[in-house]
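A.B. asks: Taken in order, these protein sequences are the chains called A and B. Numbering-wise (the numbering used here), the first sequence opens with residue 1 and increments by one. Numbering-wise (the numbering used here), the second sequence opens with residue 1001 and increments by one.
I should point out that these hints are in silico values taken from the structure, not numbers from a laboratory. All residues carry an ideal CB built from backbone N, CA and C; glycine is no exception. Just so you know, not all the hints are guaranteed correct.
Label-pair ranges, simulated between beta-carbon atoms [what the hints assert, rightly or not]: (1) 1171/B <-> 10/A: 45 to 53 Å; (2) 1239/B <-> 26/A: 19 to 27 Å; (3) 1075/B <-> 26/A: 23 to 31 Å; (4) 1180/B <-> 26/A: 52 to 60 Å; (5) 1072/B <-> 26/A: 24 to 32 Å; (6) 1110/B <-> 26/A: 15 to 23 Å; (7) 26/A <-> 1247/B: 36 to 44 Å; (8) 10/A <-> 1178/B: 39 to 47 Å.
For reference, the chains in residue letters:
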Amino acid sequence: METMARPHATLVDLLDRVLDRGVVINADIIISLAGVPLIGVNLRAALAGMETMLKYGVMQEWDQRIRGQELEPKETLRASAMVEKEVPITTALPTYQARRTKDD
Amino acid sequence: MEQGSKTRRQSAARTSSVSEQEGRYVYCVAQGDEEISLGAIGIEGHEVYTIVHNDLCALIHDCPTQPYQSADAEVATAWVLAHHLVVEAAWKRWGTVLPLTFNTIITATERSAEENLVQWLETEYDSLKGRLEILTGKAEYGVQVSWDPAVVARKVAEASTEIKKLEEEIGSKPRGLAYMYRQKLEKLLKKEMEVRAEKEFKDLYGRLSRCMDDIHVEKTKKAERERQMLMNLSCLVSAERYPDLEAELEVISQMEGYFVRLAGPLPPYSFC
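Please take these sequences and the hints and turn them into a complete structure.
C.D. replies: Here it is, written out as structure tokens:
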């Protein structure tokens, strides 16, 4: 038996979704390489390699370093991704707070 | 929010001076009518700003009309992460977003890329609005349930009279025959495990689907260490239902030999 992992997302969770999901524009206004999916074969291979490396902990330090940098200004993701405390969805979900307090 | 003061005019001025930047990389569509810059938060530090049509905006950066390609895993991953962080920033600011697939770059045709983008927003307006409405107040979660095959095999063996009988018989057989019996036993156990896995999947799916607004069943990932993945779901969950999901997962994680992984909240990548 094991206590459930607290909510967080890893790079692998993101790679799957950012590359394979999301709205697709079906029109001739987007660039494509003669019908080849935009995510190039080499990029896909590189990322598959990254998943494997992350899984075996090879890139862990890099992962933490780069995520530490990239996530700096975004408090909520930082909390949900790195800190071992539960992030209730009510605070993690976007709110319209930002809109009200925006500076322009 | 931070750095929200730069205007579109500045972006436009910059664009015309850099003629090779005629593509528009699109991160997501949000429900918002502000023409603003979110600052240099994009892929490779590009400035991300909005293009508005009615009450919808697309978050974009200017780029050459070439897809992002790299054989370097670090570079490629940093791009993907940057894409995600822009979508996340928009999600926090505007509440609901429709993320675009990575590497969506609008190009100029007889019209400029920007005009093409606005026209796309116009043509797809009703559809985009409808999808945004469905996603309001909801987040995506990844739910993965795994089990320890050794623990489950023991339980399956205990519950099956046929397996128990075979086990007893093995002891009394001569070596050659015992080997054959063991083969038979393993085959039977494997079959019983598959039946059990299927039953468990249906049961878990039924329990979890009650706490979700939408579900995608994903392929299970390869087994690692002592864990075999039983189910891999992408779930769309409203804020009201989330506590139920968490409670249900907590119950499952307490079952002997079971492991639960919950990832999120994420922007609704799989549901747009």
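A.B. asks: So, for every hint listed, does it hold in this structure?
C.D. replies: Results for each hint:
{"no.": "1", "hint": "1171/B <-> 10/A: 45 to 53 Å", "result": "holds, 47 Å"}
{"no.": "2", "hint": "1239/B <-> 26/A: 19 to 27 Å", "result": "violated, 32 Å"}
{"no.": "3", "hint": "1075/B <-> 26/A: 23 to 31 Å", "result": "holds, 28 Å"}
{"no.": "4", "hint": "1180/B <-> 26/A: 52 to 60 Å", "result": "holds, 58 Å"}
{"no.": "5", "hint": "1072/B <-> 26/A: 24 to 32 Å", "result": "holds, 30 Å"}
{"no.": "6", "hint": "1110/B <-> 26/A: 15 to 23 Å", "result": "holds, 19 Å"}
{"no.": "7", "hint": "26/A <-> 1247/B: 36 to 44 Å", "result": "holds, 40 Å"}
{"no.": "8", "hint": "10/A <-> 1178/B: 39 to 47 Å", "result": "holds, 46 Å"}
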